[in-house]
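Each chain, letter by letter, is given below.
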Amino acid sequence: MYFSQDNNNSLNLEESDSIDFMKFLAAEAASNNLAIGLKNAGSIVEEVLPYVQFSVNEECVANKECADFQAFIDAGKPVFHIEYPSGAGKPVSSKALKANCEGSDIKIPKFSTVIKTLDLDGWVEYCDGTTATTAVEA
Amino acid sequence: MRSSPSALALGLMAAAGLTQATMIPNAALGFSLPAKGETIARDSQARPYGKRTMIPNAELGFTLPQPESKVVERDNSERKYEKRTMIPNAKLGFTLPEPESKVVERGDPGAKYEKKTMIPNAELGFTLPAAEAKVSKRDDGVRKYEKRTMIPNAQLGFELPAAESKVVERDNSERKYERRTMIPNSELGFELPVPETKREIPGSRYEKRTMIPNAELGFTLPAAEAKVIERGDTVRKYEKRTMIPNAELGFNLPSDPKLASRSAAWQRRTMITNSELHFTLPQAGAQVEARAAPWQPAVGASWQIVLSNSLELNNGAASAVAPGVDIYDIDLFDNTAQGTDGSRIAALHAQGKRVICYFSAGTYEPNRPDSSKFTSADLGKELPDWPGEKWLKLSSANVRSIMSNRIAIASQMGCDGVDPDNVDGYVSLRHSAPMRDVG
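Line by line, the protein sequences give chains A and B.
One point on numbering: in the numbering used here, the residue at position 42 of the first sequence is 42, and numbering is uninterrupted.
So the numbering used here is basically just the index in the second sequence, starting at one, shifted up by 1000.
One chain only, chain A, in its complex shape (with noise of 0.2 angstroms):
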């Protein structure tokens, strides 16, 4: 997660703002009986939990925050997480696999970690080391 200490966004955003907004998206997706996942946001973690079916990381293994989302993994919950490490693209080294699947401040097992490239495209690889590109328009 990219985090900063302070919160200059200009619109005072606090957490219950999230919390909050995370409710709401979530019963919007109920009523169209869509399942939603809580994108990043560690600290509010316990609130959403019960409103959502799935997380999305970035970067718990760089930032040492994988245990705030351990939660979802003991609800049935997966969390699917992303990290980006430097030569993302082609295969990491195995050091770096194995440091990015392992996890840092927690053991993550039962995350479901893709190393990928900042953009998102269609390069990925997988803690047992298969690399795959997913082809996509121009």
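Simulated from the structure, these hints should not be mistaken for lab results.
Here the structure is a predicted model, which is why all the values come from computation and not from measurement.
Please note: incorrect hints may appear among the correct ones.
[Stated by the list, open to error] One side of the interface only, derived from the structure: several residues of chain A facing chain B at Cβ under 7 angstroms: (1) N9; (2) F21; (3) G89; (4) P91; (5) S94; (6) L120; (7) D128.
Idealized CB from N, CA, C, for every residue including glycine.
Given the coordinates of chain A, work out where chain B should sit on it, guided by the hints.
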């Protein structure tokens, strides 16, 4: 007598053995009236009745005898026409004289309607057929309608059965229609029973019957067999259904898009065309099935996320998308021709994939099809390294409306789930460079 002869006057004249005038069928009344201005010759010597004063009734369009006029005791020995053939009128629910009725000779062995219940009307001085009286095959031993409460009707000048009158001493085990709702009929000037009113069953489970406006009848009817299903759903959002006036039905219907989106969440009830009402009603007894729970992906499910471009799926059905993972997380708008074409998602489904549709819920992006809907009041600062992308005020009703619409689009496009990004504005400073590497 010289006047606009009314039906009632005609009846009197007929009973008195008077000369017949030219008879004009009256569609509204269902029987004939003498031509207007027709002079009816009468034999005053044979007239057994006093001269009743006839009062033109503007509302009914014909004259009625003055209520107070006295009727002279008539000489029954001279009666010839008292047994006009009475025709049950389904619309009115009681019988009327046959429009071109033949005079039945008294004592005619072929007479069939001699047992109609006739109700003496003190005010008019003659009897009227009992409302709802059944004509044929009546068993006098179980007659049920002879004690209906008669209410003087000031407008008509004679009595009508009480709308909600109870029949005294009737066999309740056989009752079916004792609580017929009476509806004022502006054309006739008095009330009629609601057609096909269902009886109310004590302890009925249907006390919350939906009332449906009926354009043809001009009043509401209970929805046929409609059941109100108690649902404990706390996330129902009916306040946001767009209601569209429907000229044909004369009332509003929910907009089609919302119906479509709701049909995704709720099983469709079987709709039965109701020929009487000319529109469909939920099938009697149809149960609203429990809402299908949203898709719950499994812990450890494999996935791929591609947001840079739309997926290339033009190589035909034989070309499997790679990698062969469970779930694809892709951009909602980029992969659906801006929310108009669900074929790419359908192609992924055809390959057994689940599809999560990504959109930014907490930031404004200038290049989305609905970007113009945001107002300046919705926007905060620009995100570093993302030119033109700005934080959104999450409490804004406008922002929420736009995001609600995006979710509805995701549903319409066939997405299994949504991935709303940038919902953590409280963190706020977001930039594109990786913070650090591990390993």
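| said: Could you work out which of the previously given hints the structure breaks and list their numbers from low to high? | reply: Of the numbered hints, 3, 4, 5, 7 do not hold.
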